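**Q** When you get a sec, could you build the whole thing from the sequences and use the hints?
Protein sequences appear in the order of chains X and F. Just so we're aligned: the first sequence equals residues 687 to 801 in our numbering. Just so we're aligned: the second sequence equals residues -8 to 100 in our numbering.
In short, the hints are calculated from the structure, not lab data. A quick note: this is a predicted structure, and the numbers were derived from the prediction, not measured. By construction, the Cβ of each residue, glycine as well, lies at the ideal position given by its N, Cα and C atoms. Errors might be hidden in some of the hints.
Stated by the list, open to error - Quick list of simulated restraints, FRET-style, between CB atoms:
(1) R700(X) x F99(F): 39 to 49 Å
(2) S766(X) x G7(F): 46 to 56 Å
(3) G7(F) x E755(X): 49 to 59 Å
Stated by the list, open to error - In the EDC-like style, the derived pairs of lysine to aspartate or glutamate whose C-alpha atoms are separated by at most 20 Å in a straight line are:
(4) K87(F) x E789(X)
(5) K689(X) x E32(F)
(6) K87(F) x D737(X)
(7) K756(X) x D712(X)
(8) K739(X) x D86(F)
(9) K48(F) x E789(X)
(10) K741(X) x D86(F)
(11) K689(X) x E708(X)
(12) K689(X) x D712(X)
(13) K739(X) x E708(X)
(14) K87(F) x D745(X)
(15) K743(X) x D86(F)
(16) K87(F) x D724(X)
(17) K47(F) x E789(X)
(18) K48(F) x D74(F)
(19) K87(F) x E742(X)
(20) K689(X) x E(-4)(F)
(21) K87(F) x E748(X)
(22) K87(F) x E716(X)
(23) K689(X) x E758(X)
To be verified - Partial list, derived from the structure: chain F residues whose beta carbon lies under 8 Å from chain X:
(24) E32
(25) G33
(26) P34
(27) L88
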Amino acid sequence: DVKVTQSSRYLVKRTGEKVFLECVQDMDHENMFWYRQDPGLGLRLIYFSYDVKMKEKGDIPEGYSVSREKKERFSLILESASTNQTSMYLCASSRGFVNSYNEQFFGPGTRLTVL
Amino acid sequence: TQLLEQSPQFLSIQEGENLTVYCNSSSVFSSLQWYRQEPGEGPVLLVTVVTGGEVKKLKRLTFQFGDARKDSSLHITAAQPGDTGLYLCAGFVTDKLIFGTGTRLQVFP
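**A** See the structure below:
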């Protein structure tokens, strides 16, 4: 069974704090993704990575950065959290060359509240 | 940014009823996927459709990809409480999945 785990299910932070969200997958997948999920907006891609030390901007990268030092781990960083970053954050991974047949495997999500 | 609009946004029905969820866009996609997300979990892939006009069946769920590859539908026959969840369509463009706005389905016993 593919397993994608996220470091926290719930997180409460204050405006201006630096926030780290960690994601680990155990199936040796090449590709990893960070999404945020908001009601009525579906999932929006923040950043993705095809390989170690590689990153690509998604549709909404502003205010976020990522790090992929090891193949199994992909971290999302909020340099200075703001209230509009309150959301559900989902990590996903997939195998091989990214194409239309790939299945993405998702973690359970981290619900982040920024006060 | 391509948009995938789903309708309806919410659906509340009794066990045994049939329903259809729609996923529409003005963009053409090379393939389209449907995911279901249950409370407290991440989305899980149900099906991938890749050919215009393609129909796939998964037990009581029927998925169709539009002829022009711009839209898709999910039909559930005789819905059961276990079908409750958030249904998301996702279209594949180049190297990214674009997710739809979601349809939240509640099936009451």
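**Q** Hint by hint, which ones does the structure fall short of?
**A** 20
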